[in-house]
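Using the sequences plus the hints, can you model the full thing?
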Amino acid sequence: MGVMTINGRRVAFTDEKNVLSVIRKAGINIPTLCYLSEMSTFGACRLCMVEDERGKMFASCSEVPRDGMTIYTNTVRLQKYRKMIIQLLLGSHNRDCTTCAQSGDCRLQDLAHKMNITSVPYHDTRDVHPIDTSSPSIVRNMNKCILCGDCVRACSELQGLGVLEFTRRGADALVSTAFDRPIAQTSCVNCGQCRVYCPTGAITIHSNVDEVWEAIGDPTVRVVAEIAPAVRVAVGDAFGMKDGAGVMGMIVNAMHRMGFDEVYDVTLSADLTIMEEAQEFLERLSENRNLPLMTSCCPAWVKFCHDQYPEFEQNVSTCRSPQGMMSAVLKEYYRDPENSQGKKTVVVSVMPCTAKKMEIRWKRNYTRGQQDTDIAITSTELINMIRDFGLELGDLDPEACDMPFGLGSGGGVIFGTSGGVTEAVLRRLAPNHSKQLMDNIADCGVREKKWIREFTVSYKDRDLRICVVSGLGNARVVLDRLKAGEVQYDLIEVMACRGGCVMGGGQPVILGRTPRDARTAGLYRIDNNESVRKCDENPLVQNLYKGMLKDKAHELLHVHAADETR
Amino acid sequence: MLEQSCYDLADRCIAKHGAKPSSLIPVMEDIQDELRYLPGELLSYVAEKIGVSEAEAYGVATFYENFSFEPKGKFEIKCCDGTACHVKKGIAVIEALQKELGLGKDKHTTDDMLFTLETVSCLGACGLAPTMMVNGKVHPRMTPDSAVALVRELRGEES
Chain A
1 MGVMTINGRR VAFTDEKNVL SVIRKAGINI PTLCYLSEMS TFGACRLCMV
51 EDERGKMFAS CSEVPRDGMT IYTNTVRLQK YRKMIIQLLL GSHNRDCTTC
101 AQSGDCRLQD LAHKMNITSV PYHDTRDVHP IDTSSPSIVR NMNKCILCGD
151 CVRACSELQG LGVLEFTRRG ADALVSTAFD RPIAQTSCVN CGQCRVYCPT
201 GAITIHSNVD EVWEAIGDPT VRVVAEIAPA VRVAVGDAFG MKDGAGVMGM
251 IVNAMHRMGF DEVYDVTLSA DLTIMEEAQE FLERLSENRN LPLMTSCCPA
301 WVKFCHDQYP EFEQNVSTCR SPQGMMSAVL KEYYRDPENS QGKKTVVVSV
351 MPCTAKKMEI RWKRNYTRGQ QDTDIAITST ELINMIRDFG LELGDLDPEA
401 CDMPFGLGSG GGVIFGTSGG VTEAVLRRLA PNHSKQLMDN IADCGVREKK
451 WIREFTVSYK DRDLRICVVS GLGNARVVLD RLKAGEVQYD LIEVMACRGG
501 CVMGGGQPVI LGRTPRDART AGLYRIDNNE SVRKCDENPL VQNLYKGMLK
551 DKAHELLHVH AADETR
Chain B
1 MLEQSCYDLA DRCIAKHGAK PSSLIPVMED IQDELRYLPG ELLSYVAEKI
51 GVSEAEAYGV ATFYENFSFE PKGKFEIKCC DGTACHVKKG IAVIEALQKE
101 LGLGKDKHTT DDMLFTLETV SCLGACGLAP TMMVNGKVHP RMTPDSAVAL
151 VRELRGEES
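Those sequence lines, one after another, are chains A and B.
Each residue of the first sequence is one higher than the last, beginning at 1 in our numbering.
Each residue of the second sequence is one higher than the last, beginning at 1 in our numbering.
Hints may be right or wrong, so weigh each one.
Stated by the list, open to error - Here are some of the chain A residues that sit facing chain B, going by a computed Cβ distance under 8 Å:
hint: 1; residue: G162
hint: 2; residue: V163
hint: 3; residue: F166
hint: 4; residue: R289
hint: 5; residue: L291
What the hints assert, rightly or not - Below, a list of computed lysine-lysine pairs in the DSS-like style, where the Cα atoms sit at most 30 Å apart:
hint: 6; chain 1: A; residue 1: K435; chain 2: A; residue 2: K449
hint: 7; chain 1: B; residue 1: K99; chain 2: B; residue 2: K72
hint: 8; chain 1: A; residue 1: K56; chain 2: A; residue 2: K80
hint: 9; chain 1: A; residue 1: K25; chain 2: A; residue 2: K483
hint: 10; chain 1: B; residue 1: K74; chain 2: B; residue 2: K16
hint: 11; chain 1: B; residue 1: K49; chain 2: A; residue 2: K483
hint: 12; chain 1: A; residue 1: K483; chain 2: B; residue 2: K20
hint: 13; chain 1: B; residue 1: K16; chain 2: A; residue 2: K483
hint: 14; chain 1: A; residue 1: K331; chain 2: A; residue 2: K344
To be clear, the hints were calculated from the coordinates, so they are not data collected in a lab.
All values reported here derive from a predicted model rather than from experimental measurement.
Ideal Cβ placement from N, Cα and C applies to all residues, glycine included.
Here you go:
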């Protein structure tokens, strides 16, 4: 508690952990490249330097606010130093901006532009490093790395993995993997959080956009798209709309215009997931087998469990993810010559997630030896396609998804946020869809603003102990407690990214903003607007179980060899 | 593949310092003292046992010049190129040894695993410049000829 003077104005502070937070609260957005409020303070970039009344300079991210402090954030001396820091960073940076995937969204580029830097007096003397394209999800180009360490901390502090680390020293310092192995040969789970936090183009999404355009351009191919729940509240960000605005209809319109033959909604297969997973849950409960049941929608989590906690692999649901189920159903539908009309079908999924690019390759998700999802692209890649095609999303009228796979329940929509899968399961187990009951479920603790949510709900004659966790580092805490016998649960929902898919590694990143709450609220808003909020009341789901899935539900909706995740 | 005895050594070192993350450097040092290098597989093994990520252990090992993933020769020669040794023509000594041993910028150990030649920044014996150190023993006021003679003498002792 106290008051400090910033640039001559008095600013009160309460429990801000550092001077930087007070400055930003006062509406002055001084630049940083290595400061991330959710992680430990690193203090490496020195851009947040401020000056006190005696001319002493210090990094505001690493200074505790004190009552009576007087600081200046933008003196001529500070301006000069900040400019030099950016010039030095640019001096050892591969500046192929025009061909960089990050161009336009690059924090370094943004700062250079804002500080009016028009020349770089330094030459790059560093060795050229090969580009690591081994991962289906991300591309690492260390020639664009500025050693801010954001990816290192995202990987170890948020995700509890520590795949990326600073190696070597001084001018040779390099963010790398153990023994400089290609990232695909490490325990990387492909979550893409390193890419979310990378301020430059050093870590970018492994783009599959060209393959999609190829398929669209081929007249013998029917291109069928499926759109994941979290995509609809993120794509608008890139077109200047309000954070978390629901733009599903506009996305569908844009995709139809771009040449996708059919556009379907993954909320439908999210409903199928709940049908299958709720049944699996009840079976395991009655047999008291492999409990707690752990969710299987998130491929990064599935790989994490496989690599790090093999003892819990049998607890993971055998359900395919919504992406896996949707593609299996679509491919099955077009196996019927009457539906395929002699055309080959290419299934393109649009996901908030980089790990989905890995998941589609898992043989456990294949149906009859065939890969169901042909191409997985992220929301960010979809945004690129829309821009490339020359469309302004905000100008498009909303359109509905196509039939017969274009409708999901509200329970399917909230899959995109942490707690959504659990809430949808609870709705499935609920005896009716009364508003009161739906509200009670929402208030049971499943939407609490915590990374680890623990709560108990009554079902028939017993209490169900449930844990909802997001962020793999938090998942590690839960699993370690479980292993030590400190906690007991019946159901654990795990999402690899903090907050769930809305903050997935493939979502657009907005400079200086964390739209987690806005996107989550956006999904709940859409859910509130749905007439059908329980998966079992979705007429398309009922039709599928009466028709195609009658004796194929297990084959199409579950994984078959649980041991393979590479 | 490393011999089982190496893993036993790692287990002993971990037992001595405790299976905790802060034991990383002492354990690495003990292993390197014993084997005269730090085998990569062993580093991964230690990292898992003491609960640090493999990448973090690799980061520490590559940060310190002292740790080597490559087996070192029987005689570890450290030639000083610090300020004092440099002005007293330490480079000439290093070049003469490189020529004699067939080593260079990227090759530090002879094929017969007898000699490893490293350039270091200071041995703390500037008054004796140019200096070199062989397995911990300092040799003062070297010339290209005396350095080569010393190496030949050591080689003679071996054969």
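Comparing the hints with the structure gives:
1. Because the beta carbon of G162 of chain A sits about 3 Å from the nearest beta carbon in chain B, less than 8 Å, this interface hint is met.
2. With a cut of 8 Å, the hint placing V163 of chain A at the interface with chain B holds, because the nearest CB-to-CB distance is about 6 Å.
3. For F166 of chain A, the interface hint holds, the least distance from its beta-carbon to any beta-carbon of chain B being 5 Å, beneath 8 Å.
4. A distance limit of 8 Å between C-beta atoms decides the matter here; for R289 of chain A the minimum to chain B is near 31 Å, and the interface restraint is violated.
5. Because the smallest distance between the Cβ of L291 of chain A and any Cβ of chain B comes to about 28 Å, over 8 Å, the interface hint for this residue is violated.
6. Using a Cα cut-off of 30 Å, the hinted pair K435 of chain A and K449 of chain A holds, with the two alpha carbons roughly 22 Å apart.
7. Between K99 of chain B and K72 of chain B, the direct Cα distance comes to roughly 18 Å. Compliance with the 30 Å bound is thereby established for this hinted pair.
8. With a C-alpha separation of about 15 Å, the suggested pair K56 of chain A and K80 of chain A falls inside the 30 Å cut-off, and the hint holds.
9. Among the hinted pairs, K25 of chain A with K483 of chain A is inconsistent with the structure: their alpha-carbon atoms are about 42 Å apart, more than 30 Å.
10. Our distance criterion of 30 Å between C-alpha atoms is met by K74 of chain B and K16 of chain B, whose separation comes to about 27 Å.
11. Simply put, K49 of chain B and K483 of chain A have alpha-carbon atoms about 18 Å apart, close enough for the 30 Å limit, and the pair holds.
12. As the CA atoms of K483 of chain A and K20 of chain B are separated by approximately 19 Å, the hinted pair is consistent with the 30 Å bound.
13. Restraint check for K16 of chain B and K483 of chain A: the C-alpha separation of about 27 Å stays at or below 30 Å, so the hint holds.
14. Distance check on the hinted pair: K331 of chain A and K344 of chain A sit about 10 Å apart at the alpha-carbon level, within 30 Å; holds.
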